[in-house]
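Residue numbers (our numbering), protein chains in the order written: chain R, 1 to 149; chain L, 1001 to 1252.
Think of the hints as simulated: they come from the structure by calculation, not from any bench. Quick reminder that beta carbons are idealized off the backbone N, C-alpha and C, glycines included. Hints are all accurate, no fakes.
Under 8 Å between C-beta atoms, here's a sample of chain R residues computed to sit facing chain L:
(1) Asn21
(2) Glu23
(3) Lys24
(4) Trp27
(5) Thr93
(6) Asp97
(7) Tyr98
(8) His100
Straight-line alpha carbon distances no greater than 20 Å define the calculated SDA-like cross-link-like pairs of lysine to any residue that follow:
(9) R:Lys24 <-> L:Thr1223
(10) L:Lys1238 <-> L:Ala1204
(11) L:Lys1251 <-> R:Ile28
(12) L:Lys1214 <-> R:Tyr98
(13) L:Lys1214 <-> R:Asn89
(14) L:Lys1056 <-> L:Cys1071
(15) L:Lys1110 <-> L:Asn1084
(16) L:Lys1058 <-> L:Ile1083
(17) L:Lys1214 <-> R:Ala99
(18) R:Lys24 <-> L:Gln1205
(19) L:Lys1214 <-> R:Tyr29
(20) L:Lys1110 <-> R:Ala99
(21) L:Lys1214 <-> R:Met30
(22) L:Lys1214 <-> R:Gly26
(23) L:Lys1092 <-> L:Ile1075
(24) L:Lys1251 <-> R:Asn21
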Amino acid sequence: MSQTIEAPRTPAIPNRSKGTNWEKWGWIYMRASGVLLVVLIFGHLFVNLMVGDGVHAIDFAFVGGKWSDPFWQVWDGLMLWLALIHGGNGMRTLVNDYAHNRGLRGTLKIAILIAVVVLIVLGTLVITTFDPCPAGSPADLLPSICKGL
Amino acid sequence: MAQVVEDAPVSSDPTQTFTVTLIIRRFDPDADTEPHWQDFDVEMLPTERVLDALHKIKWETDGSLTFRRSCAHGICGSDAMRINGRNRLACKTLIKDLDISKPIYVEAIKGLPLEKDLVVDMEPFFESYREVQPFLVANSKPGAGKERTQSVADREVFDDTTKCILCAACTSSCPVFWTDGQYFGPAAIVNAHRFIFDSRDDNAQVRLDILNDKEGVWRCRTTFNCTEACPRGIQITKAIAEVKQAIMRGKP
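The task is simple: from the sequences and hints, build the whole structure.
This is the structure in structure tokens:
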């Protein structure tokens, strides 16, 4: 059997890394978004459940009021994007680790991607375009806060 | 006097032998298509080790039992195996430290191709070890008649990772390695760490680039399986985290 001897220090698998290192950026994203999400989620829980009347204050008007404020639109929007991508990336990691079948792995990852994209688009649409009193709706379908308008 | 002996628990006498049941996962590539479990009963002293039980089986009961061992004293790293579901060295696991009221399960380490009984193909493991260039690369020359000196503090930085005996207990306990054989694995990263943080070495940047790969340190999920498995007590997960930090800093 003939065998050529490679030059010393030739890497066993040359050019291993090509293009963007997604695995690295995914890892950094998880750390950065995790820290931000701790602040965002606990702030969210504190404002919704503890400030003022606490959990009893939550009704349609409370949510409508929050989403008419640009501050809470940005807060909830950030939370939505960061949490869904964070969760989606975590699920991708789990699938990579535990789905041994190549086809199943691809299918599951595509399903996760679709779920994340749909939820982000839907959520962003709701947060940015939410109108508690849409014009031209029948009065009996509108909440009581719209009477004064 | 007789009363005292009667009251004493049986196991307190170090010369008292008892029967231990070992259930070993056997695989003969010439005869079997699938591995199977086989029971063996052996008379053991509490101070003996699992390796002694394997020897007893091989020498007295079934000579076809195949396993690796060399020094038999926890230095050569040949006899890493899964004992009661945990990766350990058979030569460092005392019978009295296991629950002998139940059978002891012994199987080959996971994630590497099984060759026979407790022997696996270590080549993929050593391939990723070789890839991180586990040798000193020094571009500078020490002064005439001088050695490469190193302060005690500089040596301390990588002291933990010099202890590795390449037994593969850590790499074969890693759930990422089980599904993705391309992952470098904890042992290769530990040995890269040993040279990356060596003040006499000049090739840290190359090793960091190698480990900053898709299949490099970022695949680590910090599950601590490797740290728990290491028979040398190396803080492996910590070493991997230090390499991650060095890659982010861009230097050791």
